[in-house]
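Sequence lines, in order, name chains A, B and C. Take the position in the first sequence, starting the count at 1, then add 126; the result is the number in the working numbering. Take the position in the second sequence, starting the count at 1, then add 23; the result is the number in the working numbering. Take the position in the third sequence, starting the count at 1, then add 2; the result is the number in the working numbering.
Any given hint could be a false lead.
[Unchecked claim] In silico DSSO-like cross-links for lysine-lysine, where the CA-CA straight-line distance does not exceed 30 Å:
| # | chain 1 | residue 1 | chain 2 | residue 2 |
| --- | --- | --- | --- | --- |
| 1 | B | K93 | A | K495 |
| 2 | A | K221 | B | K216 |
| 3 | B | K231 | B | K486 |
| 4 | A | K293 | A | K495 |
| 5 | B | K538 | A | K163 |
| 6 | B | K219 | B | K531 |
| 7 | B | K185 | B | K537 |
| 8 | B | K551 | A | K221 |
| 9 | A | K495 | B | K531 |
| 10 | B | K538 | A | K495 |
| 11 | A | K417 | A | K166 |
| 12 | A | K166 | B | K341 |
| 13 | B | K215 | B | K231 |
| 14 | B | K537 | A | K160 |
| 15 | B | K181 | B | K231 |
Everything labelled a hint here was simulated from the structure, so no lab data went into it.
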Amino acid sequence: MASQLVSISSTLLYVAFILYLVAMLPLATSIKSKSNKPAKIGVTMVIIGFIMQISYFILRWIAQGHAPVSNMYEFITMFAIMIVAGYLITYFYFKTNIFGLFALPISMLLMAYGSMFSREVEPLIPALQSSWLAIHVITVTLAYGILSMSAVAGLIYLLKAVPATEKSWRARFLEAIMAGIVTVIVFIGTTMIMENVVGYQDDFLYTDKQGQNQVAEYHLPSLINFEGAVAVEHTGDNNYEEAQHFHTGINLPPLIDSQKLNTVIWSVILGAIVYGIIRLILRRRIIAVLKPWSNKADLNLMDEIGYRSVIIGFPIFALGGIFFAAIWAQIAWSRFWGWDPKETWAFITFMFYTIFLHLRLNRGYEGEKSAWLAIIGFLLILFNLIAINLLVAGLHSYA
Amino acid sequence: MQPNEIKCESCGHVNPPGTQLCQSCGKMINSDYDKDKIKDLMRYDGSAVRSKVRSKSIFDKIWIFFTSVKVGVSIILAIAVAAAIGTIFPQEYFIPIGVDAAEYYQENYGSLGYLYYSLGFHNLYSSWWFLILNGLLALSIIAASIDRGVPLFKSLHKQRVKKHDSFFRRQRLYLAEDGQPDTDALVGAFSKKRYKVKQDDGNFLLEKGRLSRYGPYINHTGLIILLFGSMLRFFPGMYVDEIVHINEGETEELPTTDGQYYVKNEAFTLDTYDENANEVFDQALDSSNQVISNFQTDITFYENNSADIVGASPELEKVDDYSIRVNHPYRFDDYELYQSSYDNSQLKSMTFRLEDADGNTVGENFTVNLENPEESFEVNDDISVNMRAYSPDFQEIAENGTLVSATPVPRNPAFVFEVADGGESELSLLQIMNSTDITQDNDYSIRFVSAEEHMASVLTLKKDLTIPFIATGFVIFLIGLFIGSYVNHRRIWIRSEDGFMLAAHTNKNYFGMKKEINEVLESNGLGKVGDKLDDEDKDIDKE
Amino acid sequence: MKGRTRNILRVSIITTIALLIGITVWFNLTSGTKAVEVGDEAVDFRLTTLDGEEVQLSELTEDKGVILNFWGTWCKPCREEMPDMNAVYLEGHEDYEIVAVNVAENAQQIEQFISGLDADLEFPIAMDQSRSVTEAYNIGPLPTTIAVSKEGIVVKKQEYQLTPEDISLFISEATE
Numbered sequence: 127m128a129s130q131l132v133s134i135s136s137t138l139l140y141v142a143f144i145l146y147l148v149a150m151l152p153l154a155t156s157i158k159s160k161s162n163k164p165a166k167i168g169v170t171m172v173i174i175g176f177i178m179q180i181s182y183f184i185l186r187w188i189a190q191g192h193a194p195v196s197n198m199y200e201f202i203t204m205f206a207i208m209i210v211a212g213y214l215i216t217y218f219y220f221k222t223n224i225f226g227l228f229a230l231p232i233s234m235l236l237m238a239y240g241s242m243f244s245r246e247v248e249p250l251i252p253a254l255q256s257s258w259l260a261i262h263v264i265t266v267t268l269a270y271g272i273l274s275m276s277a278v279a280g281l282i283y284l285l286k287a288v289p290a291t292e293k294s295w296r297a298r299f300l301e302a303i304m305a306g307i308v309t310v311i312v313f314i315g316t317t318m319i320m321e322n323v324v325g326y327q328d329d330f331l332y333t334d335k336q337g338q339n340q341v342a343e344y345h346l347p348s349l350i351n352f353e354g355a356v357a358v359e360h361t362g363d364n365n366y367e368e369a370q371h372f373h374t375g376i377n378l379p380p381l382i383d384s385q386k387l388n389t390v391i392w393s394v395i396l397g398a399i400v401y402g403i404i405r406l407i408l409r410r411r412i413i414a415v416l417k418p419w420s421n422k423a424d425l426n427l428m429d430e431i432g433y434r435s436v437i438i439g440f441p442i443f444a445l446g447g448i449f450f451a452a453i454w455a456q457i458a459w460s461r462f463w464g465w466d467p468k469e470t471w472a473f474i475t476f477m478f479y480t481i482f483l484h485l486r487l488n489r490g491y492e493g494e495k496s497a498w499l500a501i502i503g504f505l506l507i508l509f510n511l512i513a514i515n516l517l518v519a520g521l522h523s524y525a
Numbered sequence: 024m025q026p027n028e029i030k031c032e033s034c035g036h037v038n039p040p041g042t043q044l045c046q047s048c049g050k051m052i053n054s055d056y057d058k059d060k061i062k063d064l065m066r067y068d069g070s071a072v073r074s075k076v077r078s079k080s081i082f083d084k085i086w087i088f089f090t091s092v093k094v095g096v097s098i099i100l101a102i103a104v105a106a107a108i109g110t111i112f113p114q115e116y117f118i119p120i121g122v123d124a125a126e127y128y129q130e131n132y133g134s135l136g137y138l139y140y141s142l143g144f145h146n147l148y149s150s151w152w153f154l155i156l157n158g159l160l161a162l163s164i165i166a167a168s169i170d171r172g173v174p175l176f177k178s179l180h181k182q183r184v185k186k187h188d189s190f191f192r193r194q195r196l197y198l199a200e201d202g203q204p205d206t207d208a209l210v211g212a213f214s215k216k217r218y219k220v221k222q223d224d225g226n227f228l229l230e231k232g233r234l235s236r237y238g239p240y241i242n243h244t245g246l247i248i249l250l251f252g253s254m255l256r257f258f259p260g261m262y263v264d265e266i267v268h269i270n271e272g273e274t275e276e277l278p279t280t281d282g283q284y285y286v287k288n289e290a291f292t293l294d295t296y297d298e299n300a301n302e303v304f305d306q307a308l309d310s311s312n313q314v315i316s317n318f319q320t321d322i323t324f325y326e327n328n329s330a331d332i333v334g335a336s337p338e339l340e341k342v343d344d345y346s347i348r349v350n351h352p353y354r355f356d357d358y359e360l361y362q363s364s365y366d367n368s369q370l371k372s373m374t375f376r377l378e379d380a381d382g383n384t385v386g387e388n389f390t391v392n393l394e395n396p397e398e399s400f401e402v403n404d405d406i407s408v409n410m411r412a413y414s415p416d417f418q419e420i421a422e423n424g425t426l427v428s429a430t431p432v433p434r435n436p437a438f439v440f441e442v443a444d445g446g447e448s449e450l451s452l453l454q455i456m457n458s459t460d461i462t463q464d465n466d467y468s469i470r471f472v473s474a475e476e477h478m479a480s481v482l483t484l485k486k487d488l489t490i491p492f493i494a495t496g497f498v499i500f501l502i503g504l505f506i507g508s509y510v511n512h513r514r515i516w517i518r519s520e521d522g523f524m525l526a527a528h529t530n531k532n533y534f535g536m537k538k539e540i541n542e543v544l545e546s547n548g549l550g551k552v553g554d555k556l557d558d559e560d561k562d563i564d565k566e
Numbered sequence: 003m004k005g006r007t008r009n010i011l012r013v014s015i016i017t018t019i020a021l022l023i024g025i026t027v028w029f030n031l032t033s034g035t036k037a038v039e040v041g042d043e044a045v046d047f048r049l050t051t052l053d054g055e056e057v058q059l060s061e062l063t064e065d066k067g068v069i070l071n072f073w074g075t076w077c078k079p080c081r082e083e084m085p086d087m088n089a090v091y092l093e094g095h096e097d098y099e100i101v102a103v104n105v106a107e108n109a110q111q112i113e114q115f116i117s118g119l120d121a122d123l124e125f126p127i128a129m130d131q132s133r134s135v136t137e138a139y140n141i142g143p144l145p146t147t148i149a150v151s152k153e154g155i156v157v158k159k160q161e162y163q164l165t166p167e168d169i170s171l172f173i174s175e176a177t178e
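Please build the complete structure, drawing on both the sequences and the hints.
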């Protein structure tokens, strides 16, 4: 019974993803169209998708008995849902059609990325067995979703304000963000294809930091491997025997997770190649291609949305990400603040938005400057959400 | 027409259009500059920012330095960057206990790690310079708040209802009508929207949400309390963080309580999720080894009635029973006891058996308690085994024949056993994985059977008297933040002498205010307010 | 007048903050050094000796200086200084007393150690099994020897092995 609920909820999430993908079409038409119809169709589809995502959340909660916010898959999915929530709030308040065209792809990318982590339903370890888990994570992701809207507004602002052919740093940075998004898409695409479609798998036996033997499953050819890694093959149960796998011969000490680094290097190489091909086909910058979509945007309105979403999201972040977090940390770990890497980066995010508000209110950082800051803020959120969990072993590493 | 950026004449800072006071130095910007001021003009309403008035002593100079938002932002940035540096490598409290820090960083992170250690970054968050940075932040917050808060308060308190024509025209939201609309009905409609009304002849000032303007000052007050609280952490007696290691069945004195409180570990439980857990977990439980579901220490809490003299054997009186679990600490006085971890690495006892020359076991097995060993064990009616020497952590045999221990911890126990069989006795040395006969031609040999470990619960004893300050500070901060962010200060000026004029200002969300005003205006048969920013935009589009 | 109020406000806020930062940094840099120092009042304690008798510091200091020697059987310098201390003690101890405080070992280990010596130890061996006395004195390395005067004040402290000369010095300090 419960297992069925889990599979239904996963299906709902999948359908929502497809729905968002399809909704991009009417949303794109709505910008050039004189009639209001395409926008209505698009937004209706998004609302249906959002309801499905909410149902995913509720069903999975019922099935596993705790809020589905306890591992990387659930957490990133939650963030993606909150971005859609943020978009819908923004849409109904400001009635701006263009917003969805940029907010939805970000949410979909996150959903795809989240689904790369283990989707299994897992029981809670003792530290997570607390109602603060749901309270803390839901408020934080809500704040993240709202704060992300400022980055979306900033992106649209910059696409319109920055001349695409300009030989300037601002144009290059903006193009670099596009190249980064291409790399992320390539990364998600290749990993999924190599793992699930091609079924590429090279196993390597290595000794980790604690001196224990581990098997690393490489789904991409090994460019970089662990020191003293031996190519092995899985022969059922827990047995492995030596085998021949492709390897360049570059090895790094176990302090660095060579397997993740290998994936990152592949993504950067493939991302660069794909980006190069795109440039060759387009014969101009990606921002130049996207520019027409942003031209209808009202710069003042984008600036207003960018500022408003920070001013609304920041107090919620302070409440959920700092205050609730501190209360729970006091109960579970005996200290409300311990400078754990995740806590520290939440603190840095908090400080960053403090700087944003002070610069904006007292030093006139409006328009373009404010848009850049909003994008940096979003990158900080992503860094704290994803990179810290993967790079640094801390109390929050539930990946 | 495009509004101009305004360059301050005294300091050269370029301000956005509409600024009245220079954002950098606070000087009043030339009063006859372009009258098309839009954005920022109501911030201080003409009250001079305090620090800009005059400067004299060294204290004044320090003060003025710290009132600058630029300096404040730099301090925040410095703290954020420092915090980020602290996450490059783990801080010292995350590395294994008892390991030499210098060696650890060198070994694990190479010369970069050693540099990190040498610069003191392994204890960054309690370093003197990080503390000073936070102190400077406090000074900056206080100085900037007083400097801006006092004039703001004054200007909001003595607002004049009557405003000059040019004032109306300068506002971002502005409407002028030739006719003479029903002002009373209009004002009535606004007061229904919870605007407070002030009147001076045909002039009206409608205002709401003034509290919003005090939000930043409220949240800064909260932050000062919070910073003060976190400073108290370093004062003696405010903060206790001790590890209490209690073997199952044993009673330990709680440190820092002057022998007043004792805790007995009645039982330590470690539960894992089993197959009977929710079926949805089956897959996860199959693929990973074991998932722990509960750590629990059942304790009995005692108070010592003879706590006045150190070392005296305690007179314990039972106070309470409790099961400490993760997320469920035990509280007493100002203290809390948390389940932290467990330790089953220490040996508790070893069991041996006696074997004769033919390899047959003789009599009963015997168990040696490694903490407090007995001297003699009866194996059967005729034979007894006497422990002649014992070393918990065997190092060597001393010149005088005794066993030398490297530490008092039973890590590598060694024994000299004497097997007494009526008149005869023979000696043998037993170590882990090894046994040596001391007397020659021994008939008996002693064999190791099994060992039992201690199950110790590791609890954290915590006292933190700074929490009330920090919690109060943060709650005030949050209240201020929400007020400042979620409440909008909206003011509308109406003039119905010689024609009708309406102008409006808000500290944020002009979009929402425009909607609100236009709704009221429309229902009173008036046109929409003009938004200067929209006009500009149209101008730009035309170009 | 308004100018004066403002000046007072500024000066007092700046000095308060500077002072608080100073105190905090000072506490931070000096934390963890609360070990017993010469000149401190010796903490009174009561322990059971190996012979099963009770020994209380304040009773001893009523008419004698006291030398506290914190030790363990597993510590080499402790083992080496024990016979020297015993020899000096046997020469007479009318005006002083030695208390060898064993840190958290059981009677079997102590007796085993003594049985390996040439002569029995004459001074009382107090057993601090719960380490409460060791912690009250914040003892770092073993052996640590502390001389307590008749007034109950710590007059000398040494955190390494005692030579026979050191022992005499301790006795003269304690009996002064």
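Taking the hints in turn, this is what the structure says about them:
1. K93(B) x K495(A): Within the cut-off at roughly 16 Å; holds.
2. K221(A) x K216(B): Holds, because 23 Å separates the two Cα atoms, which is no more than 30 Å.
3. K231(B) x K486(B): 45 Å, violated
4. K293(A) x K495(A): Satisfied, since the Cα-Cα distance of roughly 18 Å is no more than 30 Å.
5. K538(B) x K163(A): Answer holds: K538(B) to K163(A) is near 24 Å, not above 30 Å.
6. K219(B) x K531(B): 19 Å, holds
7. K185(B) x K537(B): The hint holds at about 22 Å.
8. K551(B) x K221(A): 19 Å, holds
9. K495(A) x K531(B): 18 Å, holds
10. K538(B) x K495(A): 27 Å, holds
11. K417(A) x K166(A): It holds: about 23 Å lies between the C-alpha atoms, which stays within 30 Å.
12. K166(A) x K341(B): 71 Å, violated
13. K215(B) x K231(B): 11 Å, holds
14. K537(B) x K160(A): With a Cα-Cα distance of about 25 Å, the restraint between K537(B) and K160(A) holds, given a limit of 30 Å.
15. K181(B) x K231(B): 15 Å, holds
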